[in-house]
Structures are given as structure tokens and as C-alpha cells.
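Engineer: Sequence:
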Amino acid sequence: MHLDIDENPIAKIDDYRNKVYETLPNLSVLDGKNKDGESVYSEEDYGEEGEFDMDNDFEEKLAALP
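The numbering used here puts the first residue of the sequence shown at 217, with every later residue one more than the last.
You may find that some hints are simply not true.
Once the Cα atoms are required to be at most 27 Å apart in a straight line, the calculated DSS-like pairs of lysine-lysine come out as [as the list claims (entries may be wrong)]:
{"no.": "1", "residue 1": "Lys251", "residue 2": "Lys228"}
{"no.": "2", "residue 1": "Lys249", "residue 2": "Lys235"}
{"no.": "3", "residue 1": "Lys235", "residue 2": "Lys251"}
{"no.": "4", "residue 1": "Lys249", "residue 2": "Lys228"}
Computed beta-carbon distance windows for the label pairs [as the list claims (entries may be wrong)]:
{"no.": "5", "residue 1": "Ala280", "residue 2": "Ile229", "range": "18 to 28 Å"}
{"no.": "6", "residue 1": "Pro225", "residue 2": "Lys251", "range": "15 to 25 Å"}
{"no.": "7", "residue 1": "Pro241", "residue 2": "Asp220", "range": "14 to 24 Å"}
{"no.": "8", "residue 1": "Ala280", "residue 2": "Thr239", "range": "31 to 41 Å"}
{"no.": "9", "residue 1": "Gly253", "residue 2": "Ala280", "range": "35 to 45 Å"}
{"no.": "10", "residue 1": "Lys251", "residue 2": "Ala280", "range": "12 to 22 Å"}
{"no.": "11", "residue 1": "Arg233", "residue 2": "Ala280", "range": "31 to 41 Å"}
{"no.": "12", "residue 1": "Glu223", "residue 2": "Lys251", "range": "14 to 24 Å"}
{"no.": "13", "residue 1": "Ala280", "residue 2": "Glu238", "range": "33 to 43 Å"}
{"no.": "14", "residue 1": "Ala280", "residue 2": "Asp230", "range": "34 to 44 Å"}
{"no.": "15", "residue 1": "Asp252", "residue 2": "Ala227", "range": "13 to 23 Å"}
Hints listed in this document are in silico derivations from the structure and should not be mistaken for laboratory results.
Each residue gets a CB set at the ideal place from its N, CA and C atoms; glycine is no exception.
Sequences are here, hints too, so could you generate the full structure?
Structural biologist: Written as C-alpha cells, this is what we have:
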């Protein structure tokens, strides 16, 4: 299970990463990092401006949803 909440106010709480992992033991990735704090994304996953680059296929599949 992956969860991205780095822009959520909870991310301002001291030690929030450990608290979230304790609360959700099946969580494997939080804010793009594993439990050891290592990024799960490679540099190839990011565009030129440093933003995560979703493949075009994803946007097409999303648009096709009812």
C-alpha cells in the first residue's frame, strides 16, 4: 500500500512518518519513500522540473473511466 500525504497538515507533526507507519503496519511507501526513508522512485520517474512524470497511458485510462 502506498500513501502520499506530504502536503497534508499531518506532515507538520514531529515524527509523523513513524507514527503513520505504526498506525498502518501494511503501508510500504509513504510520500514516495519506504520505511527506511529511501526513495522508491528513480530519477527517470521525474520530469525536467523535478515533478513526478506520470506516463501518458495513465491519463488516458483515467479519462476513460465512467
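Engineer: Decide, hint by hint, whether the structure agrees.
Structural biologist: Against the structure, the hints come out as follows:
1. Lys251 to Lys228: Holds, at roughly 18 Å.
2. Lys249 to Lys235: 15 Å, holds
3. Lys235 to Lys251: Answer holds: Lys235 to Lys251 is near 11 Å, not above 27 Å.
4. Lys249 to Lys228: 17 Å, holds
5. Ala280 to Ile229: 18 to 28 Å: Distance hint for Ala280, Ile229 is violated at roughly 38 Å.
6. Pro225 to Lys251: 15 to 25 Å: 22 Å, holds
7. Pro241 to Asp220: 14 to 24 Å: 18 Å, holds
8. Ala280 to Thr239: 31 to 41 Å: 34 Å, holds
9. Gly253 to Ala280: 35 to 45 Å: 36 Å, holds
10. Lys251 to Ala280: 12 to 22 Å: 34 Å, violated
11. Arg233 to Ala280: 31 to 41 Å: Taking Cβ atoms as reference, Arg233 and Ala280 lie about 35 Å apart, which means the hint holds.
12. Glu223 to Lys251: 14 to 24 Å: 20 Å, holds
13. Ala280 to Glu238: 33 to 43 Å: For Ala280 and Glu238 the Cβ distance comes to about 38 Å; the hint holds.
14. Ala280 to Asp230: 34 to 44 Å: 42 Å, holds
15. Asp252 to Ala227: 13 to 23 Å: 18 Å, holds
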